[in-house]
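Novice: Those protein sequences? They're chains A and B, same order as listed.
Per my numbering, the first sequence starts with residue 1, numbered consecutively.
Per my numbering, the second sequence starts with residue 240, numbered consecutively.
It is possible that some hints are incorrect.
Label pairs and their calculated CB-CB ranges [to be verified]: (1) Asp183/A - Glu427/B: 45 to 55 Å; (2) Ser73/A - Pro397/B: 34 to 44 Å; (3) Thr219/A - Pro379/B: 54 to 64 Å; (4) Ile321/B - Leu215/A: 29 to 39 Å; (5) Ala116/A - Pro397/B: 25 to 35 Å; (6) Pro301/B - Pro216/A: 31 to 41 Å; (7) Ala180/A - Lys395/B: 56 to 66 Å; (8) Asp431/B - Arg134/A: 41 to 51 Å; (9) Ser103/A - Ile396/B: 48 to 58 Å.
Result set (BS3-like, lysine-lysine): computed pairs, CA atoms no more than 30 Å apart in a straight line [claimed, not checked]: (10) Lys325/B - Lys112/A; (11) Lys112/A - Lys326/B; (12) Lys310/B - Lys298/B; (13) Lys420/B - Lys395/B; (14) Lys128/A - Lys298/B; (15) Lys420/B - Lys330/B.
Since the hints were derived computationally from the structure, they do not count as laboratory data.
The C-beta atom is built at its ideal place from N, Cα and C for all residues, glycine as well.
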Amino acid sequence: MDETKAPGREHPRQPGKDAGDESFPGMGDSQGGFQQDGDPDARVWMPLDEIDEVTIINRAQDGDVEAFEWLISEYQGGLYRLCLRMLNDRSEAEDLVQETFISAWRALPDLKVPQAFIPWLYRTATNKCLDLLRTRKRRPEQPHDENDSGQESAESRTSIGKGPLADPASEYENQAQMRALSDLLQTVPPGPRACWLLKEVHEFSYRDIAAIVQLPESTVRGRIARAKRFLAEGMEPWR
Amino acid sequence: MAMNNDHSRLGCGRELDEFWASIDEPPTAHEQSCADCQSARNSLYHLAAVTESMRERDKIDPELQPGSRVKEAIMLVARAEIRRGKKTPLKRTSLGAIEISEQALVALIRFAASTLPGVRARRCEIHADNRGPALDSPTPTEVRIALTVALSSTVKIPETLALVRERVGTVVEAQTSIIMKQIDIVVEDLYDV
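Please work from the sequences and hints to get the whole structure.
Specialist: What follows is the structure, encoded as structure tokens:
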């Protein structure tokens with residue numbers, strides 16, 4: 001896996017960066033490690049951002065909470081957006097991210113291959129989304145009573161990505177197109193939608209996606225192709 | 240976009256997926272003369288452009304980040320469920336035993352090993368005689384550990400591992416009185432500086 005551009009990762013990491021390049025003094029604890037550069041007294045701190053991810057996952061497996069916290073910071077955004085685009089509900093998406101990481105903390109010690117951790121996170125979150133959507137389908141939503149918490153729920157289920165608009169017309173059009181794609185995505189069936197999101201937004205390989213959704217790679221390719229066709233046709237009016 | 244009945248193929252029979260993979264390359268001779276391919280290219284190129292904008296915008300859109308309560312709630316559970324592991328007895332006195340948890344000892348070992356340049360400590364297993372020293376015995380507890388590490392590709396491995404053993408033994412003994420009877424080390428990875 002390319003360390004600088006791993007699937008699902010928020011921020012590209014600086015390859016091969018080691019302590020001493022950009023360090024600051026202080027005693028180390030489990031947030032990293034500290035290093036001596038020749039002089040035994042010249043101890044410097046090695047932040048987790050500069051350590052390879054397998055090492056960080058290994059440390060979390062051994063119960064290092066700071067290493068685990070780093071993994072949450074790195075991957076909660078991607079998982080949240082996957083859940084949000086699957087469920088179109090902010091609070092449900094947050095709940096699933098929370099449940100996914102709590103399951104991860106419990107499962108980490110027994111994970112045999114640390115490199116499988118990130119696909120494992122996405123598999124768990126995707127399964128939880130698909131389960132929730134199946135439950136929703138079986139139990140259609142009840143109309144909200146005006147006096148209950150309907151207002152809050154309506155707010156949490158607004159269209160995704162209504163960020164502030166910049167003033168130029170092109171930016172407005174760009175935003176409108178992204179919103180159209182986002183809304184169109186909600187009409188793609190959950191299975192193909194998950195595959196398309198994992199490939200096109202989270203940049204996993206077909207092989208990884210097949211492992212995440214536990215389907216043959218050929219099925220994944222077919223689902224993504226169908227989703228692309230549907231979305232490309234749906235976006236025709238915006239061309 | 241003209242499609243045939245197989246939803247993964249264009250009207251001209253070409254696989255949509257294969258078509259998508261080559262979208263950034265110049266049109267082939269077939270594409271230049273095929274209306275299905277030209278239409279599909281334009282549709283898919285447009286979708287690719289909007290998808291890319293959405294992917295990059297999503298990462299920084301403050302509305303598309305989870306609230307801070309999410310991480311706080313996860314960490315609350317993680318801290319409440321810290322796996323302390325088995326306890327290793329350090330000393331038995333007439334007032335009671337002094338023990339150290341496996342988790343605390345592993346953290347100390349990881350810390351000690353990582354003080355060396357080019358060494359990143361990974362996992363550590365501890366094997367201790369859980370009976371520990373006898374009451375008021377001056378004999379320290381002895382443990383065996385198995386440590387995995389990643390090393391910088393610039394270090395000399397035998398010399399570095401000798402330093403790791405020395406450093407871990409010294410730090411652990413100084414802080415806990417535990418004697419390292421055996422330190423097995425596996426170099427799992429070499430990383431570039």
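Novice: A separate judgement is required for each hint: does it hold in the structure or not?
Specialist: For each hint, the structure was consulted:
no. : hint                            : result
1   : Asp183/A - Glu427/B: 45 to 55 Å : 46 Å, holds
2   : Ser73/A - Pro397/B: 34 to 44 Å  : 37 Å, holds
3   : Thr219/A - Pro379/B: 54 to 64 Å : 60 Å, holds
4   : Ile321/B - Leu215/A: 29 to 39 Å : 36 Å, holds
5   : Ala116/A - Pro397/B: 25 to 35 Å : 31 Å, holds
6   : Pro301/B - Pro216/A: 31 to 41 Å : 39 Å, holds
7   : Ala180/A - Lys395/B: 56 to 66 Å : 59 Å, holds
8   : Asp431/B - Arg134/A: 41 to 51 Å : 46 Å, holds
9   : Ser103/A - Ile396/B: 48 to 58 Å : 37 Å, violated
10  : Lys325/B - Lys112/A             : 21 Å, holds
11  : Lys112/A - Lys326/B             : 24 Å, holds
12  : Lys310/B - Lys298/B             : 17 Å, holds
13  : Lys420/B - Lys395/B             : 24 Å, holds
14  : Lys128/A - Lys298/B             : 22 Å, holds
15  : Lys420/B - Lys330/B             : 17 Å, holds
Checked against the numbered hints given earlier, the structure breaks only hint 9 and satisfies all the rest.
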